[in-house]
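K.L.:
Sequence:
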Amino acid sequence: MSRLPSGSDTALEPVRYALRRGAETEARRLADEARRQSDEILATARAEAEEIRNTAARQGRELTRTEAVGRSARIRREARRTVLAQQEALRTELIRRVMEQAQELRRDPRYPRILRRLTARADALLGPMASVTESYKGGVTASAGSRHLDLSLPTLAEQALDNRSGEVSRLWAEG
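The numbering of the sequence shown is our numbering, which starts it at 2 and goes up by one.
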């Protein structure tokens with residue numbers, strides 16, 4: 002095997018043993034160092050992954066909350082538009098019915114008495130010299146000089162609605 006003098010194998014045995022022990026010790030040290038570095042890398046990667054996961058969860062919650070707030074606002078606006086549209090439809094229907102009933106007064110047997118009372122009211126407001134005329138819409142109109150008074154049925158119906166607008170508004174507030 003080797004060209005060393007005989008007996009040198011025995012003499013070199015402690016050297017070989019020391020070299021082997023040194024190599025094994027160095028290998029263990031390198032393996033331990035590699036494990037330590039590997040553990041550090043894994044710990045850092047796990048911490049970064051946890052941070053990324055937490056950030057993503059937080060951003061997801063914030064995005065969900067933001068979307069929910071936006072969706073809620075849109076729904077409230079839509080509901081408000083619906084309510085306002087319904088209120089407007091009811092108000093329009095109320096006006097239509099009041100005007101219709103005002104016109105129906107012309108067919109009421111009490112209409113001549115209503116005309117006399119409106120004429121008396123015009124005289125009281127404008128004086129006895131006022132010119133009072135029955136309106137083609139029902140009711141009367143009157144004038145005295147530059148003053149003019151409209152006591153026609155549609156005008157009186159509008160005034161009645163205006164006078165009751167607070168009551169109508171309370172209906173919306175109570176509902």
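It should be emphasised that the hints constitute simulated quantities derived from the structure, not laboratory data. Just so you know, these numbers come straight off a predicted model, no measurement behind them. There may be inaccurate statements among the hints.
Simulated restraints, written as ranges between beta carbons of each label pair [said to hold, decoys possible]:
no., residue 1, residue 2, range
1, T65, A24, 56 to 62 Å
2, T65, E34, 44 to 50 Å
3, R81, A46, 33 to 39 Å
Where is the CB? At the ideal position from N, CA and C, for every residue including glycine.
K.L.:
Work down the list of hints and note, for each, if the structure agrees.
P.N.:
For each hint, the structure was consulted:
One distance hint, 56 to 62 Å for the beta-carbon pair T65 and A24, holds here, with the actual separation near 60 Å. The hinted window of 44 to 50 Å between T65 and E34 holds, with their beta carbons roughly 46 Å apart. Range check, R81 to A46: Cβ separation about 52 Å, and the 33 to 39 Å hint is violated.
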